[in-house]
Amino acid sequence: MSRPGVGSLSKPKSILGVHRILSPTAGIRVSPLCLGAMNFGEAWESFMGVCDKETSFAILDYFVDQGGNFIDTANVYQGEESEEWLGEWMSLRGNRDQMVIATKYTTFYPSGQLKSMHLSLEASLKKLQTSYVDIFYVHWWDFTTSIPELMKSLNRMIDAGKVLYLGISDTPAWIVSKANEYARSHGLTQFCVYQGKWSASVRDFERDILPMCEAEGMALAPFGSLGQGNFKTQEQRQSAEGRKGRPATEKDLKVSEKLEEIASKKGTLITSVALAYVMHKAPYVFPIVGGRKLEHLKGNIEALSVELSDEEIDDIESVYPFDIGFPMTMLFGLYNTTYYKTRMTSKDINLVKSAVNLDTPEKLRPIRPHKLDN
Numbered sequence: 001m002s003r004p005g006v007g008s009l010s011k012p013k014s015i016l017g018v019h020r021i022l023s024p025t026a027g028i029r030v031s032p033l034c035l036g037a038m039n040f041g042e043a044w045e046s047f048m049g050v051c052d053k054e055t056s057f058a059i060l061d062y063f064v065d066q067g068g069n070f071i072d073t074a075n076v077y078q079g080e081e082s083e084e085w086l087g088e089w090m091s092l093r094g095n096r097d098q099m100v101i102a103t104k105y106t107t108f109y110p111s112g113q114l115k116s117m118h119l120s121l122e123a124s125l126k127k128l129q130t131s132y133v134d135i136f137y138v139h140w141w142d143f144t145t146s147i148p149e150l151m152k153s154l155n156r157m158i159d160a161g162k163v164l165y166l167g168i169s170d171t172p173a174w175i176v177s178k179a180n181e182y183a184r185s186h187g188l189t190q191f192c193v194y195q196g197k198w199s200a201s202v203r204d205f206e207r208d209i210l211p212m213c214e215a216e217g218m219a220l221a222p223f224g225s226l227g228q229g230n231f232k233t234q235e236q237r238q239s240a241e242g243r244k245g246r247p248a249t250e251k252d253l254k255v256s257e258k259l260e261e262i263a264s265k266k267g268t269l270i271t272s273v274a275l276a277y278v279m280h281k282a283p284y285v286f287p288i289v290g291g292r293k294l295e296h297l298k299g300n301i302e303a304l305s306v307e308l309s310d311e312e313i314d315d316i317e318s319v320y321p322f323d324i325g326f327p328m329t330m331l332f333g334l335y336n337t338t339y340y341k342t343r344m345t346s347k348d349i350n351l352v353k354s355a356v357n358l359d360t361p362e363k364l365r366p367i368r369p370h371k372l373d374n
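Take 1 as the starting number for the sequence shown in the UniProt record's numbering and just add one per residue.
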């Protein structure tokens, strides 16, 4: 006889429904992909293309049907339509409490950071038709507010029951570390997730943000992991298929060729390999995916079953030299043809190697891709 409130758990329709703990500092359970709602709206059609309400709702319905529950938006997306449409959809479906909603506030109000925070959150709650948000992000750091002022104000939102967890985006690593240390030493809630730009062609994340998140017990929610629409096959590029936006860089083109080569060998999509790449680099990585068409989302989910070897990751990274910068180049002896790999440990430090034959445990690895059991 089952206990009250406990029943048999149904099998998810896809691997998207096998959820994960967000981070060591946030026990909330989320789907391995985060659905980005930046496309949901018509205000930014001129540079993002069309994604009308009917299509947006269809994408949301499919995401949830396949087991997804993690959705990202912001107060400024699509001139506020993104939050409005998301709130309308949750109200119609009656599923707010099953969703993990992350939104952000910006500093556009002329009165400053804290007034922006207060007004933005109140407006977001109304648009989302909810009394709380699961994750509340500082959208970017504008260097106008002190860390104590910010962390105290964010925590007042938590104390009021309007916010469950804190995230931060587009902010230098040293500021996040100082903010978290301040929070811990004053009995406050720290940031548990960082959102920023990271892909196989833009690896700046790996200099300071990635090691900072590992040290701080934070998750990573990268955007742009598909090259912001610029990771395409030769056929797609010739047909001019894809979203509007910035033109592809030389790195995008070279990385695309390598991703296509690996995808062809594995019988999968180039975008699936691109997502698998960032998810193989570190634990607690939840890429934000946000296509304008339902088939885009279906391809993204396929990435959760794509496994890459260390050699394939090295092959992708060999396409162009990534300069990790000082002091890492000096410490690890990274010159000429030797490049930084995120799986390096203290045994790979040049001066350590000259002093001792050292063996070290591997860094914590991410969850390996797998398929649903039959």
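Hints in this document: simulated from the structure, not taken from any laboratory.
A few of these clues could be false.
The list that follows gives simulated cross-link-like pairs (lysine to any residue, SDA-like), each with its CA atoms no further than 20 Å apart [as the list claims (entries may be wrong)]:
no. : residue 1 : residue 2
1   : Lys13     : Leu294
2   : Lys254    : Thr329
3   : Lys353    : Lys371
4   : Lys115    : Ser185
5   : Lys347    : Asp314
6   : Lys341    : Pro366
7   : Lys115    : Ser146
8   : Lys152    : Lys127
9   : Lys178    : Trp141
10  : Lys363    : Lys115
11  : Lys371    : Leu9
12  : Lys298    : Ser146
Keep in mind it's a predicted model, so treat the numbers as computed, not measured.
So, going through the hints one by one against the coordinates:
{"no.": "1", "hint": "Lys13 <-> Leu294", "verdict": "16 Å, holds"}
{"no.": "2", "hint": "Lys254 <-> Thr329", "verdict": "24 Å, violated"}
{"no.": "3", "hint": "Lys353 <-> Lys371", "verdict": "40 Å, violated"}
{"no.": "4", "hint": "Lys115 <-> Ser185", "verdict": "25 Å, violated"}
{"no.": "5", "hint": "Lys347 <-> Asp314", "verdict": "19 Å, holds"}
{"no.": "6", "hint": "Lys341 <-> Pro366", "verdict": "15 Å, holds"}
{"no.": "7", "hint": "Lys115 <-> Ser146", "verdict": "14 Å, holds"}
{"no.": "8", "hint": "Lys152 <-> Lys127", "verdict": "25 Å, violated"}
{"no.": "9", "hint": "Lys178 <-> Trp141", "verdict": "13 Å, holds"}
{"no.": "10", "hint": "Lys363 <-> Lys115", "verdict": "41 Å, violated"}
{"no.": "11", "hint": "Lys371 <-> Leu9", "verdict": "18 Å, holds"}
{"no.": "12", "hint": "Lys298 <-> Ser146", "verdict": "43 Å, violated"}
In summary, the numbered hints that this structure violates are 2, 3, 4, 8, 10, 12.
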